[in-house]
Amino acid sequence: MRLLQRLLQDKPAVLSLSIVAVTMLIGLAAPLIAPHPPNLVHMELRFAGASWSYWLGNDHLGRCVLSRLIYGIRPSVLWVLVALLASAGLGACVGFLSGYYRGRLDAWLMRLCDVMLSFPGYVMTLAIVGILGAGMTNILAAFVLMKWAWFARVTRTAVMQVADADYVKFAKVTGASGLRIMTRYIAPVAAPDLAVIASSTYGSMILQISGLSFLGLGIQAPHAEWGMMMNEARSVMFTRPELMLVPGLAVIVLVSAVNFLSDSLQKALDPKLMHAMRSDKPGAVLGRWLRGRGRKEAA
Amino acid sequence: MLSYLIKRVGVALPLLVVISFLTFGLNQLSPMDPAEVVLHAQEVPAITEELIAQTHAELGMDRPFLARYGDWLLSSLQLDFGESYITGKPVWSLLGPALVNTVKLTLISSFIIILLSIGLGVLCALREGKPVDLAVRGLSFLLTSMPSYWLAALMVWYFAVKLDLFPTSGMSSADSYVLPVSVLVIGYAGIYFRNVRSSMLSHLHADYALYGRACGLSERQVTMRVLRNSLQVSVSVFGLAIPIILGSTVVVENIFAWPGLGTLTVNSILGRDFPIIQAYVLVLAVAFVLFNTVSDLINAALNPRLRKEL
Amino acid sequence: MNVLEVEQLRIWQAADGQGQDADGRALVSGSSFAVKQGQCVAIVGESGSGKSLTCKAIMRLNGGSLRQSGRILLGGVDLAELPLQEMRGYRGKRLCMIMQSGMSAFDPSQSVGAFLQSVLQVHYDWPRSQMQESLAVAMLSVGLREPLAVLRRYPHELSGGMLQRLMIALAIVLEPDVIIADEPTTALDAVTAYEVVEQFVQLRERAGGAMIFVSHDLGVVRRLADEILVMKDGEIVERGDTQHIFTAARHPYTRYLVSSKEELSRHYTQLMGGRTDAQG
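Sequence order for the protein chains is A, B and C.
Under the numbering used here, the first sequence has 242 at position 242, and the numbering climbs by one with no breaks.
Whatever position you read off the second sequence (first residue = 1), add 1000 for the numbering used here.
Whatever position you read off the third sequence (first residue = 1), add 2000 for the numbering used here.
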């Protein structure tokens, strides 16, 4: 896990990682942390400002904004993560099979990927939601359907690069089974690339899904979700801007952290991207640089 | 070059056919019977089995799948996508004008996005690590982590309401373009400028740049060559940008009540108006494939090396 | 007569916010060497030993966060003190570099002829026809047939060996004081490498200038060099003339390099039945 070590040296990366991790934990433990039930209506408290019992005030139905924010982590962040993992997992499997076994299987799978990739993602998502109807599961299913082809392509490229290496050929010759080769030799090399790609799409997925909820196509009322909260706040945007502000800031902070983390992951992976990195210890910098040079000269 | 052109177009055509097939087939996945949708829209009080069967016959839904597909494909080529389930009007009469409105928005935005991305990307690459570079990158990072509708709402609140400079919604005058275009530009230029910058950087540090300098070429001469090479990469990225933006204006149109494709589609989705959804997907997928093909061709024309790959 | 003298060349990586101060280990620490007229000095060592950095430093091509100090005297002028504008005049004309990978050295977006002409335009005032002519003559002498046709080609249409020879041809036309070759044969297959090395031998004989040849292939070095510098981890650990290095090296690292090479050659010779035609 040298990757993790390198990552941990980068202090801002550690900060981003903590933000993301803490947010996810809060979301998971929502029933334990949220001060009030998120869907409990108190019409007498409509648009109440911040108070001791309701730290972020109440929305247009008197519900606790903070609790809704916390419960909203689940669809906005956690379920999106599940969709991402499903999509990446599916894509990785296809990519592995395609890149390792090659031949007709590869040709057909790649043709399938090409077709999937030739549909603009957003359009297809809308189409699927349009056919199946609005709802969170449909949106997430649409996303998985859209993205897997891209992950498959990336994985396939990574696998092909490794599969041609001599040590893999040697393993094949000595009789190691396909599965063993894939897990022991190829996965460790392909996994980091996949991780970087996956993390870089996570941020945009969160934004897109909250956008669809904002349009009313995502999670349905009365459930809490950040995009939906902003949709509900739209009508009172000018009189009660804080209702729009709070979920917005939550999204911004989280997506910034995710994007920053993804960038750091990429830099930690690729010593050649050193120019952009402002590093801490010169020794570590030098070591990375030399390793990068070594790789370049030996190539 | 000619053989590449033929081959490339040859790849695109079957793709279009497959896309049309899938788009039409998408309908079949719907859990809701289209006949019911039509009847609902007509506000028929009691929906009986016979009524459904009757509607099926009227709309020609009892015919075999391939026959229906063939009909639909042929008439689509003539821009006849059938009638809307909800309003009964021909789909194209609704889709056409909406498409035009969205195209206007997209083209203006794309133009500015491309200029801005290239300008900022090149600037930041040449001044790598300096304050300008850091400032632009930091700002773009922040702006692209924002939901576009949030940014839009903020801008509407500040510029349209507080300062009363622009209309808050609608597509009435030249003024009304400013805010929606700004939101789109901020969102996308932030992403694309990064592409241009990293491409430019990798070329600035490439071997041929080094050799050029080693032979005595001035930095300006080297930069011109680097620019030429790295922008070639950008062509394909920007080529795809236009259809992507075309399909992603949904949220912006929603906030600004822009009478475009996005608004139409969202309403159709909420109303389960399948013919419109179908036509929308087909039109955009075709646009996507077309732009993809054209940008590949332009790329091959600029970079002879690519003509061998297919 | 020393054509090029390098004194106490030091290269280090500057962390942000720090000026000329060296921090931590230097990439190249205090190298000094000289190249005489008509002499070929080889720098050998593993990847990462600082060979390429040294070459680039002589031409002041190290950019980004790399800093250097030390004197670089070319015909008495300290290159390290020259303003960049003047330095550019020296690059190509007085110091010519030949790079490792011909494939990536040329601008992919223009024909090689166009590139070579723009280089010549920087240093000479010749009309186009004269440029083409001198290039053609040089190209023929390095074994590139049909020079005018080759000049019209794009880099990706030519092989690595041909591009390598083009770089040598350019060096012939420019007639520099010092030719710096940075691992020119590393990216080539054995046969092409042999031919290119022969070109370098001829270049040495006709140009009479000085040459710095960087390589990690001792066989090539043996063929070409008068003096050898062995670098390890940024330091010159041994220097001496070729004969001496190959037979009686003092530093254990040099011995190790030589013996590994000898080991392979010996084994090969045995397999081939005791005959060694190619000692290069």
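Please note: incorrect hints may appear among the correct ones.
[As the list claims (entries may be wrong)] Some, not all, of what chain B presents toward chain C, calculated at C-beta under 8 Å:
hint	residue
1	A1057
2	E1058
3	Y1208
4	Y1211
5	R1213
6	A1214
7	G1216
8	S1218
9	Q1221
10	R1225
11	N1229
12	V1233
[To be verified] These stretches of chain A come out as covered by chain B in the derived footprint (C-beta under 8 Å, 3 or more residues):
hint	segment
13	82–88
14	252–259
Derived by calculation from the structure, the hints in this document are not laboratory data.
Backbone N, C-alpha and C fix where the C-beta goes; we use that ideal spot for every residue, glycine too.
Structure-based check of each hint:
1. Violation of the interface hint for A1057 of chain B is found here, the shortest Cβ-Cβ separation to chain C being roughly 63 Å, above the 8 Å cut-off.
2. At a threshold of 8 Å, the smallest CB-CB gap from E1058 of chain B to chain C is about 61 Å, leaving the interface hint violated.
3. Residue-level restraint check for Y1208 of chain B holds (minimum Cβ-Cβ distance to chain C is 5 Å; threshold 8 Å).
4. Interface hint status for Y1211 of chain B: upheld, as the beta-carbon distance to the closest one in chain C is roughly 4 Å, under 8 Å.
5. The criterion of a C-beta within 8 Å of any C-beta in chain C is met by R1213 of chain B, whose closest approach is roughly 6 Å, and the hint holds.
6. Interface restraint check for A1214 of chain B: the shortest CB-CB distance to chain C comes to about 4 Å, inside 8 Å, so the restraint holds.
7. A least Cβ separation of about 3 Å between G1216 of chain B and chain C falls short of the 8 Å threshold, and the interface hint therefore holds.
8. Using the Cβ-Cβ criterion of 8 Å, the hint placing S1218 of chain B at the interface with chain C is satisfied: the shortest such distance is roughly 6 Å.
9. Evaluation of the Q1221 of chain B hint against chain C yields a held restraint, the C-beta minimum of about 7 Å falling below 8 Å.
10. Checking R1225 of chain B against chain C by beta carbon gives a least distance of about 5 Å; that is within 8 Å, so the hint holds.
11. About 5 Å separates the beta-carbon of N1229 of chain B from the nearest beta-carbon of chain C, less than 8 Å, and the hint is met.
12. Here the hint on V1233 of chain B is broken, as its CB sits about 11 Å from the closest CB of chain C, past 8 Å.
13. Check on the segment 82–88 of chain A: 0 of its residues sit with their Cβ under 8 Å from a Cβ of chain B, so the three-residue criterion for coverage is violated.
14. For the segment 252–259 of chain A, the stated coverage by chain B holds: 4 residues have a C-beta nearer than 8 Å to a C-beta of that chain, and at least 3 were required.
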